[in-house]
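K.L.:
Line by line, the protein sequences give chains A and B. So for the first sequence, this note's numbering puts the first residue at 1; every next one is plus one. So for the second sequence, this note's numbering puts the first residue at 197; every next one is plus one.
Worth flagging that the hints you see were computed from the coordinates, not collected in a lab. Only a predicted model underlies this, so the values are computations on that prediction, with no experimental measurement involved. Mixed in with the good hints there might be a few duds.
Computed cross-link-like contacts, DSS-like style, restricted to lysine-lysine with a CA-CA straight-line distance of at most 25 Å [to be verified]:
#1 B:LYS393 x A:LYS60
#2 A:LYS188 x B:LYS393
#3 B:LYS337 x A:LYS60
This is what each chain is made of:
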Amino acid sequence: MDNNKLQAKDFITIGIFTALLFVVEFACGILGFIHPYIVASYVIMIPIVGSVPMMLFYTKIEKFGMLSIMSVLLAIIMFVTGMGYLGAPLIIGAGVIADLIAKSGGYKSFKKTVLSHGVFCLWICANYFPVIVTADSYRKNLVDGGYSTEYCDNLFRAINSKTIAVLLILCFVFGVIGAFIGKAVVKKHFEKAGIV
Amino acid sequence: MALKLDPRTKLFMIFIVSAVVMMSATTPLLWAVRITMTMIPIFLLIAEKHYAAALRFIVLYSAALLISFKFLSENSKGFLSAFLVGYCSIIVQFMPAVITAWYVVRTTKIGEFVSAMQKMHVPDGITISLAVVMRFFPTIKEEYSSIRDAMKMRGIMFGGGNVTDVVEYRMIPLLFSCVNIGDELSAAAVTRGLGGKVKRTSVQELKMGGADYMLILMFTAALVFFVVFKYMK
Chain A
1 MDNNKLQAKD
11 FITIGIFTAL
21 LFVVEFACGI
31 LGFIHPYIVA
41 SYVIMIPIVG
51 SVPMMLFYTK
61 IEKFGMLSIM
71 SVLLAIIMFV
81 TGMGYLGAPL
91 IIGAGVIADL
101 IAKSGGYKSF
111 KKTVLSHGVF
121 CLWICANYFP
131 VIVTADSYRK
141 NLVDGGYSTE
151 YCDNLFRAIN
161 SKTIAVLLIL
171 CFVFGVIGAF
181 IGKAVVKKHF
191 EKAGIV
Chain B
197 MALKLDPRTK
207 LFMIFIVSAV
217 VMMSATTPLL
227 WAVRITMTMI
237 PIFLLIAEKH
247 YAAALRFIVL
257 YSAALLISFK
267 FLSENSKGFL
277 SAFLVGYCSI
287 IVQFMPAVIT
297 AWYVVRTTKI
307 GEFVSAMQKM
317 HVPDGITISL
327 AVVMRFFPTI
337 KEEYSSIRDA
347 MKMRGIMFGG
357 GNVTDVVEYR
367 MIPLLFSCVN
377 IGDELSAAAV
387 TRGLGGKVKR
397 TSVQELKMGG
407 ADYMLILMFT
417 AALVFFVVFK
427 YMK
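The task is simple: from the sequences and hints, build the whole structure.
P.N.:
Encoded structure:
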């Protein structure tokens, strides 16, 4: 048996955790309707809340490819739910790099896992890509349509091509912080119960 | 059952609708195209006897449309109207994709989906994982509502206590049951020969019918129409 190839069981694990991660993202996404600034704070919420399923997922990873496939699935789901294809390269790129980092630690080293989770969290920024890339025409549409300039200003002040760098860094930082929180939660609940 | 569509047609529909959702409609003509495209999955839902869902989508979508059109002409000021218009325009923007995705997930059997993906030569890994994702959303919902009931019985509610507790009390049991379900699922799948070396056959025979070609034609025409009128004029 070739042990380095992914088995059906691995694919099912990927599917389950992708679904869970998407539910977390969706729950946070609903909050974003309230105010544009909350949309910007996805970079804080999703890494931290999502870290619990992710860290549990990391304990199940043993082979290369699981994180990469997960990122492909996320890209597909983002496309299907109308977030567009613009973010897909970022999502998949982040997934593959995170996968390589975790692989270099043999999927066991905690340090590498933390780093890898930080990189993986960069996919969240793909949510903002439609706003940034089509910024000018998007804004024009909104203002022409009679939106209050206040709302537009808030949205574009929080998210534009300048702040995207900050948002990316925040994603990484909170991804790393989230990894510690997630690890603690996994330890507290799952290792005690003997599931991991 | 009046209308049985091929999963490939459904995927094509998702593809087109998502592409159109990305482009904002500016003229009444473009709005008409978009609204027509949104109506098609709703009619398909009715044809598949998902009346409640269809009604819900119609009410939500038309309410959002009405509000955003009514206020779009005026200059909306103040927090509440800006909030309302922003909210409604988001719904109007993304609703078509959500409706189509909901329709596809609800009406496609997993077997059909897998065999369609196989016919399109998508790698097995992606097919299986995607199929699990599709199958899993209803399961998560179900598990979550039983967990919520259990929590209510013990007097743990939303609003009481701090945020981390609320997240922890719901997420951890959910993760537990999802992991267990996953193990059972893979055991069941492996006994049915998933992940074997041989090429799998499928009980579901997929065939493109007249309705399939008609819908594909309609959606392609809508996309072309949309792009031409938005960018060529």
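K.L.:
So, against the hints stated earlier in the document, which numbers end up violated here?
P.N.:
Checked against the structure, the only hint that fails is number 2, while the rest are satisfied.
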